[in-house]
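Chains as they are written, first to last, in this note's numbering: chain C, 1 to 260; chain A, 1 to 349.
Hints were generated in silico from the structure; no laboratory data involved. Treat the hints with care, since some could be wrong.
Said to hold, decoys possible - Covered by chain C, according to a simulated footprint, are these stretches of chain A (three or more residues, beta-carbon under 8 Å):
| no. | region |
| --- | --- |
| 1 | 68-80 |
| 2 | 87-97 |
Unchecked claim - SDA-like mimics (lysine to any residue), calculated; alpha carbons at most 20 Å apart, straight line:
| no. | chain 1 | residue 1 | chain 2 | residue 2 |
| --- | --- | --- | --- | --- |
| 3 | A | K28 | A | A218 |
| 4 | A | K166 | A | G304 |
| 5 | A | K236 | A | N208 |
| 6 | A | K74 | C | F173 |
| 7 | A | K74 | C | R169 |
| 8 | A | K47 | C | P156 |
| 9 | A | K28 | A | G64 |
| 10 | A | K166 | A | G136 |
| 11 | A | K167 | A | G304 |
| 12 | A | K28 | A | F150 |
| 13 | A | K130 | C | L237 |
| 14 | A | K166 | A | T185 |
| 15 | A | K130 | C | R172 |
| 16 | A | K74 | C | L180 |
| 17 | A | K74 | C | R172 |
| 18 | A | K47 | C | L160 |
| 19 | A | K74 | A | T185 |
| 20 | C | K65 | C | L51 |
| 21 | A | K236 | A | S312 |
| 22 | C | K65 | C | I216 |
| 23 | A | K28 | A | F215 |
| 24 | A | K47 | C | L51 |
| 25 | A | K130 | C | L180 |
| 26 | A | K74 | C | R174 |
| 27 | A | K28 | A | R203 |
| 28 | C | K65 | C | L178 |
| 29 | A | K47 | A | L154 |
| 30 | A | K47 | C | D155 |
| 31 | A | K151 | C | L160 |
| 32 | A | K130 | C | L182 |
| 33 | A | K74 | C | L158 |
| 34 | A | K130 | C | D155 |
Ideal Cβ placement from N, Cα and C applies to all residues, glycine included.
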Amino acid sequence: MSRVIFWSTVTFCTAFLALPLLLVWPLAFNTSSFLTYPLEGLTLDWFHQVLTQPTWVNAFLNSLKVAVGAMALALVIGGLAATGVILVPRALQVVLTGLFVSPLIVPSVVVGVAFAYAFGRAGIGGGYFSLVLAHAVLGAPLVFLSVLTSLRGLDPNLDLAGASMGASRSFRFRTVTLPLALPGFAAGALFAFITSFDEVVVALFLADPGSTTLPIALFAGLRDRLQPSIVVVAVLLSLMSLLFLALLRRLQMRVAAPKS
Amino acid sequence: MSFIEITQVSKHYGAFQALHDVTLSIPKGEFVTLLGPSGSGKTTLLKVLAGFEPVSSGGVLLEGRDITRVPPEKRNFGLVFQGYALFPHMTVEDNIAYPLRVRRRPRGEIAERVGALLKLVQLDRFAGRKPHELSGGQQQRVALARALVFKPDLLLLDEPMSALDKKLRHDLQEELRAIHRTLGTTFINVTHDQEEAMHMSDRIAVMNQGRVEQFDTAHALYRRPVSRFVAEFVGKSNIFAGRIDRGGGGQLFSGPGFTMPVPDCAQGEALALLRPEDVEIAGQAPMDGRIALPVTVTSSTYSGDRALYTLSPPTGAPILAYGSARSGVHPDGAALFAIFAPENAIVLD
Ligand SMILES: Nc1ncnc2c1ncn2[C@@H]1O[C@H](COP(=O)(O)OP(=O)(O)O)[C@@H](O)[C@H]1O
Ligand SMILES: [Mg+2]
Numbered sequence: 001m002s003r004v005i006f007w008s009t010v011t012f013c014t015a016f017l018a019l020p021l022l023l024v025w026p027l028a029f030n031t032s033s034f035l036t037y038p039l040e041g042l043t044l045d046w047f048h049q050v051l052t053q054p055t056w057v058n059a060f061l062n063s064l065k066v067a068v069g070a071m072a073l074a075l076v077i078g079g080l081a082a083t084g085v086i087l088v089p090r091a092l093q094v095v096l097t098g099l100f101v102s103p104l105i106v107p108s109v110v111v112g113v114a115f116a117y118a119f120g121r122a123g124i125g126g127g128y129f130s131l132v133l134a135h136a137v138l139g140a141p142l143v144f145l146s147v148l149t150s151l152r153g154l155d156p157n158l159d160l161a162g163a164s165m166g167a168s169r170s171f172r173f174r175t176v177t178l179p180l181a182l183p184g185f186a187a188g189a190l191f192a193f194i195t196s197f198d199e200v201v202v203a204l205f206l207a208d209p210g211s212t213t214l215p216i217a218l219f220a221g222l223r224d225r226l227q228p229s230i231v232v233v234a235v236l237l238s239l240m241s242l243l244f245l246a247l248l249r250r251l252q253m254r255v256a257a258p259k260s
Numbered sequence: 001m002s003f004i005e006i007t008q009v010s011k012h013y014g015a016f017q018a019l020h021d022v023t024l025s026i027p028k029g030e031f032v033t034l035l036g037p038s039g040s041g042k043t044t045l046l047k048v049l050a051g052f053e054p055v056s057s058g059g060v061l062l063e064g065r066d067i068t069r070v071p072p073e074k075r076n077f078g079l080v081f082q083g084y085a086l087f088p089h090m091t092v093e094d095n096i097a098y099p100l101r102v103r104r105r106p107r108g109e110i111a112e113r114v115g116a117l118l119k120l121v122q123l124d125r126f127a128g129r130k131p132h133e134l135s136g137g138q139q140q141r142v143a144l145a146r147a148l149v150f151k152p153d154l155l156l157l158d159e160p161m162s163a164l165d166k167k168l169r170h171d172l173q174e175e176l177r178a179i180h181r182t183l184g185t186t187f188i189n190v191t192h193d194q195e196e197a198m199h200m201s202d203r204i205a206v207m208n209q210g211r212v213e214q215f216d217t218a219h220a221l222y223r224r225p226v227s228r229f230v231a232e233f234v235g236k237s238n239i240f241a242g243r244i245d246r247g248g249g250g251q252l253f254s255g256p257g258f259t260m261p262v263p264d265c266a267q268g269e270a271l272a273l274l275r276p277e278d279v280e281i282a283g284q285a286p287m288d289g290r291i292a293l294p295v296t297v298t299s300s301t302y303s304g305d306r307a308l309y310t311l312s313p314p315t316g317a318p319i320l321a322y323g324s325a326r327s328g329v330h331p332d333g334a335a336l337f338a339i340f341a342p343e344n345a346i347v348l349d
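For reference, chain A alone in the conformation it holds in the complex (with noise of 0.2 Å):
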């Protein structure tokens, strides 16, 4: 059994349903990410977690024990805020003692568990500031610290980085995984940032209009996306709209432009998602049983390890593809192939 469990968990704004028959189960000491655009119900599923929200339906279950009615105060949960929630009166040796001043634990402890998680979040020199004397970085920092100084059993994160600067973001991904590496806690982090959640996470909940579409690893969403959202939130995708008929020897799909044989699937309309780095770019189409359609260039970003193409084939959406920037960037306009194996292509319900 699962160290929590969360099953067909509903929640109902007034007539408005903020979650749908949620079912995850989280094993223990596992970094888990709530991943989903803005509104699809992560901070809902969080507080539910929390115990700030009660369910309309449904029920969580910590260690097999339902935990669905204890209050917050009950549960043992770290939580980091989204926007860190510091005592501004209290400093930050005060803020993090102050979980454990509601235990009641003796002075000693307290000052030495302060100064552990002081150093583990690497504050020792800020231990007696006010919060509003630290970056903001440092103040998500010491949020985490605070929740994590009493051992929690589980540390929720709602979207702990959304208020930093891109390069501060990387750097606090690292540390936060390397803390969860050393203490061994079970995290649920919450993000819309689909890159941070594939860095940081050992597994992704993909949330969209309250309900969880897939729950899987980084590797299984991005190569193996159950629906065209997940398939499209998670990294870059093109999606042929087309259809499945039984055709020579097996399954055809006809997308735009362009017939491939796929495995066993429902017959009928279907799309086929292709990652922008299994299309090859050529002067000319190769002869190998690949795909290959005929492109302009329409736009492309270089980034120096490669450049990113849009390419505009004669029907249908536009098409994304890597191509290698060593000798040069295709010129918008020049006409060239999009190549791809049709091994390469995952059909979409």
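If we strip away everything but chain C, and leave its shape as in the complex, we get (with noise of 0.2 Å):
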């Protein structure tokens, strides 16, 4: 009975996540330029066309380097708070955290504003550099969170143990603590950089034309035309997803192997 009620449920948790993606990939090959069922035909054209179309590559172009430069300064802002938290008395702990996590949790939209807003009145609204050190702000709690979950996870002997050996407590820190925390970092910077990358709420209030990332460049598209394109668009990034999953779990593996 109980198999029943795990495997129904698995089912319709599964159908419901994937379905309407899966419903929609199909369209991406149909030759007609409506988004409708039945198909007419299988083609690659749609494909060919966004991958030629200067729009889609330069806004994926775009898009590509804000999340690098997101995630290197998310990853140097996450990285270096988790490392110090780590070693502050567990009360303070607590609200540190508190703090470096609360841009998860503000909505999108007020961040947004307030980006605008603030960067507006700083000289530096708009544009690339706005909007890596946006992006980079709503990584950073990434980075900070999968990184201080890795350092917890240490032997906290370790140290101990360098210590005891006479090493510094940077020596410690290069020769122990980070290689053994990496794994948290490739992690944290994976999120940074999906996050960033399919980030649109802030990116709308801050890019200006120049800087159009793709999910502005799909969500105009979607309003402008519905064509096929933009479902090339979505499986493109999916795959993307996809890869990036495989990555994040090699990755979680890593972590837990060396406790063995």
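Using the supplied hints, reconstruct the complex from the two chains, each of which is provided in its own coordinate frame.
Spelled out as structure tokens, the structure:
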């Protein structure tokens, strides 16, 4: 009986999550320029169009630039925050953790308005720089949490052992803590990258025509002309997500492995 | 003056006091063991020695120099952790080389020292392995090599054998003892296993509830324990509750069912200790001034060379006694005499 419940729940949830995606994907290969079933025939023309059209290619490159920049910055901010927080007393850790995680909790619209206003006042509104900055703030908590988790998982005696052998704090950090927490840094970096890559709300507030990101282009395309090329972009984005998911999975296995 | 002087060290964790006025002086080159039940403060004392825990009061001297506030990385003490704390991302070789890399020794010297230590702990063939590819005993030896490679002034070991099975434990005890003899470094070992402590140590500090009850050789702890706790923790024991009174020609101890002369000591309530090997078992009571108590056998454990009997006397606690098992073991329920000489009894305060 419990097996029946288990499998029916699993099936229902999977269908609920995956069906909309599965239904939309085939439309990327449809010869018709309307997003409707039944399919009229199969073609790769829409893929060709997306990969050659400057709008899409530029948007993709913009997104890539912003995401890489945001990831790097988030890695520094979140990584430093986590390695610092682990050293302070317990009570302070709780307060600081709350503070560093807060960008995750504040609604994106609020963050978007706040950044647009603040950057405008500071004279750095619009363009890459503001996008990278804003996305780094959104990504930093993810890096922070991921690194903090992997640091917490380390045996505290390893650091004590290093100290007993005469190693200074910075030497221990470089040779023991950092290498062992590396999977945490990598996972955090991936999270930050994905977050930036498909972030649309804050980007809408900050992007100027020259720095249109892929989600914004997708959004605009959805309103202008509903074409299979949008679905093509969606398929490509999904494939990228799957790739990242697989990467994360491998990283998590590496985090778990050294403990045995 | 001793090599290490621990003077009146107390350690509080909030309201809880983990160490009470611990005073120990440890001569150079000795193998000293801190022995005590779980929670008695052994690890805490070791952490104080290593510099990981600040003392609440008291101090530690190394060759007359106050090191109480010297940080661990400046102490030059080797440390073997309870769980070994090997670096999981480094090979055996790199683990052992770590303290030398810290000290920026030349490459050639590092290779030479690491090679020598690998040989000492018999792990030459495993130099390239990662810790998780080693057995528990091998990991323990890597930890030992890593703690010794930089020629520390003092080696601290926190229950290094506790994760190993009995046979392996015995071999490693021998090995550790041999290494101690070879190097001549001062060792401070922690264990809750009294057999391990007795096998390996020059001297043993018996700890109980944050206090050192007695610091002495294994023989002295066994034959002249200063408290009931030490008597019961080190070896098997029979303890008779009674009182000491002045009698004809000397002091007399009156225990459950017997009276015996004892040397001069305070009168009043007292405990007398008798080790099981000092109790003889026979079918008849001898007529030579020894004490003979009528007993019945409640149980026995046979171990080939001898048998350990639990005997119940008419009054008082059961008595443990070793008996020869060459011609068989007395059956349960057998009526016998437990015989002992008064001079083998030890009066505890
Ligand atoms: N960091 C700590 N905070 C509070 N209490 C502690 C701490 N470390 C040890 N204790 C307490 O001190 C006592 C002695 O601990 P420990 O030295 O680890 O004992 P042992 O090593 O002899 O088993 C225990 O009761 C333990 O609960
Ligand atoms: Mg302990």
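Results of checking the hints against the structure:
{"no.": "1", "hint": "68-80", "in the structure": "holds (count 9)"}
{"no.": "2", "hint": "87-97", "in the structure": "holds (count 3)"}
{"no.": "3", "hint": "K28/A - A218/A", "in the structure": "holds (18 Å)"}
{"no.": "4", "hint": "K166/A - G304/A", "in the structure": "holds (19 Å)"}
{"no.": "5", "hint": "K236/A - N208/A", "in the structure": "holds (17 Å)"}
{"no.": "6", "hint": "K74/A - F173/C", "in the structure": "holds (17 Å)"}
{"no.": "7", "hint": "K74/A - R169/C", "in the structure": "holds (12 Å)"}
{"no.": "8", "hint": "K47/A - P156/C", "in the structure": "holds (14 Å)"}
{"no.": "9", "hint": "K28/A - G64/A", "in the structure": "holds (12 Å)"}
{"no.": "10", "hint": "K166/A - G136/A", "in the structure": "holds (12 Å)"}
{"no.": "11", "hint": "K167/A - G304/A", "in the structure": "holds (18 Å)"}
{"no.": "12", "hint": "K28/A - F150/A", "in the structure": "holds (18 Å)"}
{"no.": "13", "hint": "K130/A - L237/C", "in the structure": "violated (40 Å)"}
{"no.": "14", "hint": "K166/A - T185/A", "in the structure": "violated (26 Å)"}
{"no.": "15", "hint": "K130/A - R172/C", "in the structure": "holds (19 Å)"}
{"no.": "16", "hint": "K74/A - L180/C", "in the structure": "violated (25 Å)"}
{"no.": "17", "hint": "K74/A - R172/C", "in the structure": "holds (14 Å)"}
{"no.": "18", "hint": "K47/A - L160/C", "in the structure": "holds (10 Å)"}
{"no.": "19", "hint": "K74/A - T185/A", "in the structure": "holds (18 Å)"}
{"no.": "20", "hint": "K65/C - L51/C", "in the structure": "holds (18 Å)"}
{"no.": "21", "hint": "K236/A - S312/A", "in the structure": "holds (16 Å)"}
{"no.": "22", "hint": "K65/C - I216/C", "in the structure": "holds (15 Å)"}
{"no.": "23", "hint": "K28/A - F215/A", "in the structure": "holds (16 Å)"}
{"no.": "24", "hint": "K47/A - L51/C", "in the structure": "violated (64 Å)"}
{"no.": "25", "hint": "K130/A - L180/C", "in the structure": "holds (14 Å)"}
{"no.": "26", "hint": "K74/A - R174/C", "in the structure": "holds (19 Å)"}
{"no.": "27", "hint": "K28/A - R203/A", "in the structure": "holds (12 Å)"}
{"no.": "28", "hint": "K65/C - L178/C", "in the structure": "violated (27 Å)"}
{"no.": "29", "hint": "K47/A - L154/A", "in the structure": "holds (13 Å)"}
{"no.": "30", "hint": "K47/A - D155/C", "in the structure": "holds (16 Å)"}
{"no.": "31", "hint": "K151/A - L160/C", "in the structure": "holds (18 Å)"}
{"no.": "32", "hint": "K130/A - L182/C", "in the structure": "holds (18 Å)"}
{"no.": "33", "hint": "K74/A - L158/C", "in the structure": "holds (17 Å)"}
{"no.": "34", "hint": "K130/A - D155/C", "in the structure": "holds (17 Å)"}
Consistency with the previously given hints fails for numbers 13, 14, 16, 24, 28, ordered from lowest to highest.
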